[in-house]
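Novice: What follows is each chain in one-letter form.
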Amino acid sequence: MLGKIARWSVLVVFTLITLAPLLWLVLSSFKTDAELFGNPFGLPASWSFVNYQDALDAHPLLLFLRNSFVVALLSSVLIIVAGLLASYALMHQFRLSRFTFGFLLFGILLPVNALMTPIFFLVNMMGLYNNVLGVALVYAGLFFPLGFLVIKSYMDTTPMEILEAARVDGASFHRIFRSIVAPLSAPGAVTAGIFLMITAWNELLFASILTQDASAQTVQVGVRYFLTAYSANYPVAFAATVMAIAPTVVIYMVLSERIVDAMTAGSLK
Amino acid sequence: MASRRNIALYLVPAVALVTVFLVLPLVVVAILSTTRWVGVGTPEPVGFDNFSHLLTDPAFRRALANTVLWVVVGTVVHTPLCVLVALVVARRPRGWRFFRTAFFVPNVISATALALLWYFVFHVSLGPLNTLLRAAGLDDWARAWLSDPSTALGATMTPWVVYVGFGMVLFLTQISTIPREYYEAAQLDGASGLRQDLHITIPLIRRAIALQVLFVVGYALRSFEYPFIMTSGGPADSTMTLSLYIYRQMMTANQYGLSMAAGVVTLVVGIVLTALIFLGLRRAER
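Chains Z and C are the protein sequences, given in the same order.
Residues in the first sequence are numbered from 1 upward in steps of one, following full-length UniProt numbering.
Residues in the second sequence are numbered from 1 upward in steps of one, following full-length UniProt numbering.
If you're looking for bench data, these hints aren't it; they were derived computationally from the structure.
Check the hints yourself; a few may be wrong.
Not the full set, but computed from the structure, chain Z residues with beta-carbon under 8 Å of chain C [what the hints assert, rightly or not]:
(1) R7
(2) P21
(3) L25
(4) P40
(5) V81
(6) F103
(7) L104
(8) L109
(9) M116
(10) L122
(11) L142
(12) R224
(13) V249
Where is the CB? At the ideal position from N, CA and C, for every residue including glycine.
Whole structure, please, built from the sequences with the hints as guidance.
Specialist: This is the structure:
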């Protein structure tokens, strides 16, 4: 009995810790400034989207959101393509196959923030400073090991007999990849893709050092404009924040099992 | 046929990504960490001057100390909380699927958004925390959390608690691989639920615990958003982290050589801590 009470208190306390701040953020985004300070914990007097409209008018939020989407999509597609090709190559034994596997994966253990200075100059030299393409390429490089691990663990469950049979039937190296291995690995690639898009969408540090203005800034960089020391309309800032996190939260609500799997996948192997 | 040439061809995109964005920056950061460079002209070799400067820079020492603190707190406070939540959810109480899903939510939300939210929570005049304290009659407790050097670091570390869901999922995954018979045998011997947790579950999830500590180290070394948004590293550098220090030397001071030297130290700290965790795990598995 005592154990049961203790267990339920743990569940209730952690539900409050994880969900209450978010609920409070959403409720506050519908309040007026006066309401927020007069009645910080109550329900808003009216459910009007005026703060959301104000947020869209105050800064080019739609442009930030679009940039975030382009960067997330582009980097994820690059990683998936490179990851599928490399995982297929590594299904074959060759002299350096173990070394290559380690080479492609070692970055997973690196604190990549330590590389922000050389990467900043690298992107400048490539002429991609303040360009969504530059941010997308950097993400593709930095997050490649994460996506590769998910894709490779999935592809490794493909039964070798199918490949053997296809080879006996005379299918070429490329043909086996295109018609058999790639389609069979699609679920793994989709899982990796969702996880990578969320990771890219949420990144702040590299997005802020590699961009300068709204033409390339992502929503994580842009949302900070709403809270400066001099001009802060908090409910409007909260409305902008809600729009910045809504895409990942909605995707998570639809695909929670898959995302949880992806974010922890392969890590116990 | 699986010719060597075909295999190599399929490896090109992946090898290119890793070489350009991980290996090349690693080489550059190592070489330029021994130079003084303002971004234009030729970097001037200065030997290990940057490193000796870092060791005497109070801001950098603070960043290193804070990183160690993040690792310690993450290991001895955060990780046990994750274990606790995992043990509770693993018993499959009513609605356990909901709790598992709910606890993981903060991990898909950007740290930027959460940091903005927490910045507001701790706000001296407007924040809900001080409002609550005053409403409870604890006016003395209300303070300028983020500009008071004695509370700022704690305030930037507090939001970490929302990430328990990540460790929880790691542990649940490994708990689900433990054979039922172990618990049945323990029950026949009259072992209580708590004893089963302590003597069966926790020893058998040590791999996941080591992995969680590895994530803690990664998080401590990458820690940027919370101090950057909540305090900008202040007051008096008390909330400085390694990532923020590198960022500041590069973006504000334009001390690129120094910033790369700080990057090298960050990498070395990461490698050393990771090696220690693997060693610790190997000892535990013996």
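Novice: Taking 8 Å as the limit, does the beta-carbon of R224/Z come near enough to a beta-carbon in chain C?
Specialist: OK, holds: R224/Z within 8 Å of chain C, min 7 Å.
Novice: Per the CB criterion, is L109/Z less than 8 Å away from chain C?
Specialist: holds, 6 Å
Novice: Should the interface hint for V249/Z be scored as holding, given a Cβ-Cβ cut-off of 8 Å against chain C?
Specialist: Hint on V249/Z: holds, closest Cβ of chain C at ~7 Å, below 8 Å.
Novice: Using the nearest Cβ pair, does L104/Z come within less than 8 Å of chain C?
Specialist: holds, 5 Å
Novice: When the nearest CB of chain C is found for V81/Z, is that gap smaller than 8 Å?
Specialist: holds, 7 Å
Novice: Given a cut of 8 Å on the nearest C-beta pair, is the interface hint for L25/Z held or broken against chain C?
Specialist: holds, 5 Å
Novice: Does the closest beta carbon of chain C sit nearer than 8 Å to the beta carbon of M116/Z?
Specialist: holds, 6 Å
Novice: Interface hint check: P21/Z, Cβ to nearest Cβ on chain C, cutoff 8 Å. Holds or violated?
Specialist: Status holds, d = 6 Å.
Novice: Grab the minimum C-beta distance from L142/Z to chain C and call the hint holds if it beats 8 Å, violated otherwise.
Specialist: L142/Z check passes; min Cβ-Cβ to chain C is 6 Å, inside 8 Å.
Novice: With a cut-off of 8 Å, does the beta carbon of L122/Z approach a beta carbon of chain C closely enough for the hint to hold?
Specialist: holds, 7 Å
Novice: At a threshold of 8 Å, is the proposed contact between P40/Z and chain C supported by beta-carbon distances?
Specialist: P40/Z check passes; min Cβ-Cβ to chain C is 5 Å, inside 8 Å.
Novice: Under the criterion of a CB-CB separation shorter than 8 Å, is F103/Z in contact with chain C as hinted?
Specialist: Where the cut-off is 8 Å and the nearest Cβ of chain C is about 7 Å from F103/Z, the hint holds.
In the structure shown, no violation is registered for any of the earlier numbered hints.
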